[in-house]
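Colleague: First to last, the sequence lines map onto chains A and B.
Each residue of the first sequence is one higher than the last, beginning at 1 in the working numbering.
Each residue of the second sequence is one higher than the last, beginning at 305 in the working numbering.
No lab work stands behind these hints, which were simulated from the structure alone.
Wrong hints could be hidden among the right ones.
[What the hints assert, rightly or not] Chain A is faced by these chain B residues, among others (derived, beta-carbon under 10 Å):
no., residue
1, 310
2, 321
3, 330
4, 387
5, 428
6, 516
7, 520
8, 523
9, 551
None of these values were measured; they are calculated from a predicted model.
A virtual CB, placed ideally from N, CA and C, is assigned to each residue, including glycine.
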Amino acid sequence: MAEPAVSIRGLVKRYGPSTAVDGIDLEIGRGEVFGLLGPNGAGKTTTLECLEGMREPDAGSLCVVGCDPRADRRVLREKLGVQLQSSALPDSMRVDEAIALICAWHGMGMRPDLIEGFGITGLLRKQYRELSTGQRRRVHLVLALVSNPDVLVLDEPTAGLDVQGRAQLHDEIRAVKSQGVTVLLATHDMAEAEELCDRIAIMIRGRVAVCGTPAQVTAAGSGRTRVRIRTSRGSLLPGGDRGDAVFVGDDDGYLEWRCHDVAALVTQLLGRVQVADDAVEDLRVERPSLEERFLELVEGDEGR
Amino acid sequence: MNAFLTYLWIQLKMDVRDRAILLHFYLVPLLFFFVMGAVFSSINPLMGATLAASMTIFSVTMGAVMGLPAPIVRMRESGTLRAFEVNGIPGLAVLSVQAVSAFIHLFLVSAVIYTTSPLLFHSEIPQSPGLYFAVLAVFLAASIGIGLLIGVVARNQSFATMLSMVIFLPSLLLSGIMFPASMLPTSFMWLGRIFPATYALQSFLGLAYQTTTNMDATLSLGIVAGMGLLVFALAIRWFGSVRRGERS
Chain A
1 MAEPAVSIRG LVKRYGPSTA VDGIDLEIGR GEVFGLLGPN GAGKTTTLEC
51 LEGMREPDAG SLCVVGCDPR ADRRVLREKL GVQLQSSALP DSMRVDEAIA
101 LICAWHGMGM RPDLIEGFGI TGLLRKQYRE LSTGQRRRVH LVLALVSNPD
151 VLVLDEPTAG LDVQGRAQLH DEIRAVKSQG VTVLLATHDM AEAEELCDRI
201 AIMIRGRVAV CGTPAQVTAA GSGRTRVRIR TSRGSLLPGG DRGDAVFVGD
251 DDGYLEWRCH DVAALVTQLL GRVQVADDAV EDLRVERPSL EERFLELVEG
301 DEGR
Chain B
305 MNAFLTYLWI QLKMDVRDRA ILLHFYLVPL LFFFVMGAVF SSINPLMGAT
355 LAASMTIFSV TMGAVMGLPA PIVRMRESGT LRAFEVNGIP GLAVLSVQAV
405 SAFIHLFLVS AVIYTTSPLL FHSEIPQSPG LYFAVLAVFL AASIGIGLLI
455 GVVARNQSFA TMLSMVIFLP SLLLSGIMFP ASMLPTSFMW LGRIFPATYA
505 LQSFLGLAYQ TTTNMDATLS LGIVAGMGLL VFALAIRWFG SVRRGERS
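Using the sequences and the hints given, assemble the complete structure.
Modeller: In structure tokens, the structure reads:
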């Protein structure tokens, strides 16, 4: 098996008496987009900061494309691109100056390919103070990619962006992935994680509660699939439980059940409609969302 | 080295766009020089003779102690230092560029004062211009060291301003640049001796103008240099410990 791009073994980080990261293990494959999810204070940013070499772990081992972030900080800077959750450039620094500066520090010439690729040609002469939040994020993303890193760490990259800015940044992350760069993404946005990530880990209180593809994580929950149906003449009224399917109620002509065995319930319902000489106007089967799974995990933890 | 020079060039261009930097490094010192130069040369001809030295001490102290800490504190508060660090620019390089750019700005202002004070206020030209600029370079380094130290010690802008004032006002009032230090009460005269401005004035007067001084001029220059080395070492050490603290 190929060496993982990022390997975390037994990572522990404490701030005084509180443990921010409590012995997590993660492996992220090369070229993968990996999402780190969790409520505030779950330890996502601390984990990323340990990988970036910005925090000293209390225990555990870390490896980012063959580098130990504690020992090989210089080499790490060439291999790891980072967009921090909160960062800035000097207000009076122009975008072209920022790119020239970072390029010079990596021993490279200007990167017109990145400037064109990210559509920031029009921003080059603007000072940092004149940029919108979305434009700043794009500039920081370009800066993180200047050294052609193997791994890109993005901490809450779309926080505070409008819908258009978010979609644009998603496209840019996909473009980065298509070039074989491993992306490690911390986010609160479940839709973003589902849309972009090959695998995700949900962190709660410094531990990894669940890890897998978004579909695996969602399926691993106890959540039932939602089945909603509307018929022309209301032949299924007044509803009621059917086998393992729990009847939730009716709303706007739709009757709703929650069940594990979708096929059995749908077959049964369609049979009843046919017998009653009724017709199905709409039938919706909605599996539990990642957000519901996330809330289930968080609320389960709070209930403990 | 190329990367450092690129950063320095960009920093100088940014400084020209930054109103606060222009105000602290150029506008206020030069305005003060033009106003006080006229006052000094008319009320005290003895002080008017060495106007370039006293106004240079004022300008350098103003720029280094009042102007330099704010951008350093702002870079730490806003996350610029972290953004630079993850993009490969070490924190010490940031401090060094701030120091060198401040040196260039303040040297330029000092050169303007040096060349214009004999023309405008008929002050004396130093007997030894070489020693004048040597003293200036040492005093610039010491003052910039103090500015850096305030910048790395202060946790926020208001604390930085307070620390700057604690250094700036006594330097101005007790060093002898506004009125002779011998006119001060003994306790204040001794208090003035903890600031490099006091020794810098003695060095300028004794070495560059070759006039009589209260203290040995060469020893004074040595004290300024020693203070400079000490504050630079403290600033670097403090900065290192702050960065380590942020990592732990």
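Colleague: Does residue 523 of chain B pass the interface hint, meaning its C-beta sits closer than 10 Å to a C-beta of chain A?
Modeller: violated, 41 Å
Colleague: Should the interface hint for residue 551 of chain B be scored as holding, given a Cβ-Cβ cut-off of 10 Å against chain A?
Modeller: holds, 5 Å
Colleague: Using Cβ atoms only, decide whether residue 520 of chain B comes closer than 10 Å to chain A, and label the hint accordingly.
Modeller: Hint violated; residue 520 of chain B Cβ to chain A Cβ min 43 Å, cut 10 Å.
Colleague: Tell me if the interface restraint on residue 321 of chain B is satisfied: Cβ within less than 10 Å of some Cβ in chain A.
Modeller: Where the cut-off is 10 Å and the nearest Cβ of chain A is about 4 Å from residue 321 of chain B, the hint holds.
Colleague: Was the hint right that residue 387 of chain B lines chain A, CB cutoff 10 Å?
Modeller: holds, 4 Å
Colleague: Against chain A, with CB atoms and a cut of 10 Å, does the hint on residue 330 of chain B hold up?
Modeller: violated, 16 Å
Colleague: Once the shortest beta carbon distance from residue 516 of chain B to chain A is found, is it less than 10 Å?
Modeller: violated, 47 Å
Colleague: Against chain A, with CB atoms and a cut of 10 Å, does the hint on residue 310 of chain B hold up?
Modeller: holds, 4 Å
Colleague: Have a go at the residue 428 of chain B hint: is there a Cβ in chain A nearer than 10 Å to its own Cβ?
Modeller: violated, 39 Å
Hint compliance for this structure: hints 3, 5, 6, 7 and 8 are not met, and every other hint is.
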